[in-house]
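Chemist: So the chains spell out like this:
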Amino acid sequence: MAPSLLHPPSQLSPGDALQLSQQAPSVLQNSASTTSSSPFNALLSNPETADQWVQHENLLLSCLRTGDEVAANRCLEKLLARFSEDNERVMALRGLVKEAEAQNNGELEKVLHEYDQILSNNNTNIPITKRRIALLRSMGRLSDAVSSLVQLLDFLPTDAEAWSELADLYLLQGMYQQAIYATEEVLVLAPNAWNVHARLGEILYMAATAPGAAGGSYQKYMTEAVKRFSRSIELCDDYLRGYYGLKLVTNKLLKNTGKASGKSDEGEFTLPDTKTTERLNQLATSKLSEIIRRSTARETGWRGYDELEVEAARKLLSEEASAASGIER
Amino acid sequence: MTWISKSITALGGLLLAHACYSAQEHTALQSFRATTATLTSSTPTTASLPIDIVIETVFATFVVLLGLVLNTRPLRPIRWNVWAGKLEREGPEGFLDNEGEVNKDYVGNPYKILEMRPGFVDIRKQRKEFADWVKRGGKVDG
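Quick note, the sequences are listed as chains A and B, same order. Under my numbering, the first residue of the first sequence carries the number 207, and numbering increases by one thereafter. Under my numbering, the first residue of the second sequence carries the number 999, and numbering increases by one thereafter.
Be a bit skeptical, because a hint or two may be false.
[Unchecked claim] Covered stretches of chain A (chain B as the covering partner; in silico rule of three or more C-beta atoms under 8 angstroms from a C-beta of chain B):
no. : region
1   : 318-329
2   : 387-400
3   : 403-416
4   : 440-448
[Claimed, not checked] Here are the simulated PhoX-like pairs of lysine-lysine, each with C-alpha atoms no more than 25 angstroms apart in a straight line:
no. : chain 1 : residue 1 : chain 2 : residue 2
5   : B       : Lys1123   : B       : Lys1133
6   : A       : Lys521    : A       : Lys458
7   : B       : Lys1004   : B       : Lys1102
8   : A       : Lys461    : A       : Lys521
9   : A       : Lys458    : A       : Lys481
10  : B       : Lys1110   : B       : Lys1084
11  : A       : Lys316    : B       : Lys1123
12  : A       : Lys426    : A       : Lys461
13  : A       : Lys481    : A       : Lys426
14  : A       : Lys304    : A       : Lys316
15  : B       : Lys1126   : A       : Lys304
16  : A       : Lys433    : B       : Lys1126
17  : A       : Lys433    : A       : Lys481
18  : B       : Lys1102   : A       : Lys433
19  : A       : Lys316    : B       : Lys1126
20  : A       : Lys304    : B       : Lys1123
21  : B       : Lys1110   : B       : Lys1123
22  : B       : Lys1102   : B       : Lys1084
None of these hints come from the bench; they were simulated from the model. Even for Gly, the Cβ is constructed at its ideal location relative to N, Cα and C.
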C-alpha cells in the first residue's frame, strides 16, 4: 500500500519515506501560498480540509528525514503563517528543524539553550519539554534526559508516551527493573494495548536471560513473561509478535526445566507446570507456521503482516527444526 | 456481486416510480370524473387507491431495501480481540468502505503511537539511518 501522509512517518521504511517526501512539491503547491484573512480571498482559494495541516506536519517530518531541507523549511513557513509563532506545537516543530540542520555540537547546545529559555518563560510547554528531552537523548546525555523526563512525569503522570520513552531510556542503560516499572505504568494508562503487553514480555525475557540474573528473579521474570505474551494474544487474534515471544519463552523454559529451583511456594510467581508449557509451545508453533504459510501465500485476509517479522518467525521455526533433526541424527 | 444488487435497487426504484405515477394518474382521473359528474357538489369525495397500486408500492419498497442491503460490505467486528486480529492480519485492506476505498477513520493500531513516540522523535538518528540506507544503495521500489 502506498504510504499515506495522514499518519506519522516514523514507522516507515526508508523507501516509503523517500516516496512521501517526493510528494512535497505537489502538496506545497496545492495549499495557498499565503493564508489571507480577507473574505474575498477566502472565497476564491481552496477551503481548508481537516487533514491538510496534519499532512503538512507529516510531510515536514518526512522531508527532514530524507534530508530535503528546502521543502521542510517551506512546510514550516506555511505552518508558521497559519498558526502563530506562539503555538506550542509549531514551536516544537521549529526546534526540530533547527536540530536537524545543526552541524555540530555547538549548534546543538545553542538549540538546547533556546529550549531552556522558552521553558523559563513558560514551563508548562509540553511539546518543547519533550523536544528538549529528545535532544538530550540524541546528544547522548542519557542521565540528564532521564531526570528531565522524571520531572515531566511528576507533573503529568497520565502521559503514556512519556512513560514509554522512559522505559526505552532505562532499557538503553540496562536498568531492567525500572524499565519494567515504566512499561507497567504505560499499561495502567492503556490496558488494552496488545503491542505494549508484548513489549513488556520482551523486556521481562531480556531481564530473565541477562547475565547476572539470580535464580529467584529468573523464575519470576519468566512467569511474568509467559503471562504477558499470553495476554497480548488474548487481546489480539493471530498476533505474530505475541506468538513469537511465547515460543521463545516456552522454548527456554522447556530447555531449563531441570535447572529451575522448583520452589512451589512463590504464590503467583510459580512457573506453569511442564505440561502447560508444552501445550503453550505447541500452540505457538502451530500458529506461527499457519501465519507464515498464509502470509507467504498472500491469501486474502492475511496480507497485513510485516515481511521482516514473518521472515524472523520463519528463521526461528527452521532453526528449531534443524536443531531437532541434528539431535535425532 | 455489486452489479446484481445495484440492478435490484434500480428495478425497485423503477417499480416505485411506476406505482407513484399510477397513483397520481388514478387520483387525477378520479377528481376529473368527480368534477364532471357532480358539478354543483362542493364536497370532495375521498376515494381509496386501488389495491394493486398499494401492493406495488409496498413490494417496490421491499425490493429497494433488499438491493441496498445486498450492496453493503460485511459488518466490522465488535469484539476487541477479533477487531485487533483483523487489524494485524489484514492491515488497511480489511477496512474498506462501500466504495472500496480505505475508510477515512482508519488509523491502524492506535497504540502504535506508544512505540513510535512522535513527540520524542530523534531526528538526527533518523537522518543518519536514512543517509546510511542511501549509501548502501537503497532505492524506492516501483
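Chemist: All the hints need checking, so say for each whether the structure fits it.
Modeler: Here is what the structure says about each hint:
1. 318-329: violated (count 0)
2. 387-400: With 5 residues closer than 8 angstroms to chain B, the region 387-400 of chain A meets the three-residue bar; holds.
3. 403-416: violated (count 1)
4. 440-448: Held - the region 440-448 of chain A has 7 residues with a Cβ nearer than 8 angstroms to chain B, which meets the minimum of three.
5. B:Lys1123 <-> B:Lys1133: Holds: lysine 1123 (chain B) and lysine 1133 (chain B) sit about 15 angstroms apart, inside 25 angstroms.
6. A:Lys521 <-> A:Lys458: Distance ~17 angstroms between lysine 521 (chain A) and lysine 458 (chain A) Cα, so the pair holds.
7. B:Lys1004 <-> B:Lys1102: holds, 24 angstroms
8. A:Lys461 <-> A:Lys521: This hinted pair holds, its Cα atoms lying about 19 angstroms apart.
9. A:Lys458 <-> A:Lys481: holds, 14 angstroms
10. B:Lys1110 <-> B:Lys1084: The given pair, whose Cα atoms are some 15 angstroms apart, holds under the 25 angstroms limit.
11. A:Lys316 <-> B:Lys1123: Given pair lysine 316 (chain A), lysine 1123 (chain B) holds - Cα atoms ~19 angstroms apart, limit 25 angstroms.
12. A:Lys426 <-> A:Lys461: holds, 17 angstroms
13. A:Lys481 <-> A:Lys426: With Cα atoms ~19 angstroms apart, lysine 481 (chain A) and lysine 426 (chain A) stay inside 25 angstroms; holds.
14. A:Lys304 <-> A:Lys316: holds, 10 angstroms
15. B:Lys1126 <-> A:Lys304: holds, 16 angstroms
16. A:Lys433 <-> B:Lys1126: violated, 38 angstroms
17. A:Lys433 <-> A:Lys481: holds, 16 angstroms
18. B:Lys1102 <-> A:Lys433: violated, 36 angstroms
19. A:Lys316 <-> B:Lys1126: holds, 21 angstroms
20. A:Lys304 <-> B:Lys1123: holds, 14 angstroms
21. B:Lys1110 <-> B:Lys1123: holds, 20 angstroms
22. B:Lys1102 <-> B:Lys1084: holds, 17 angstroms
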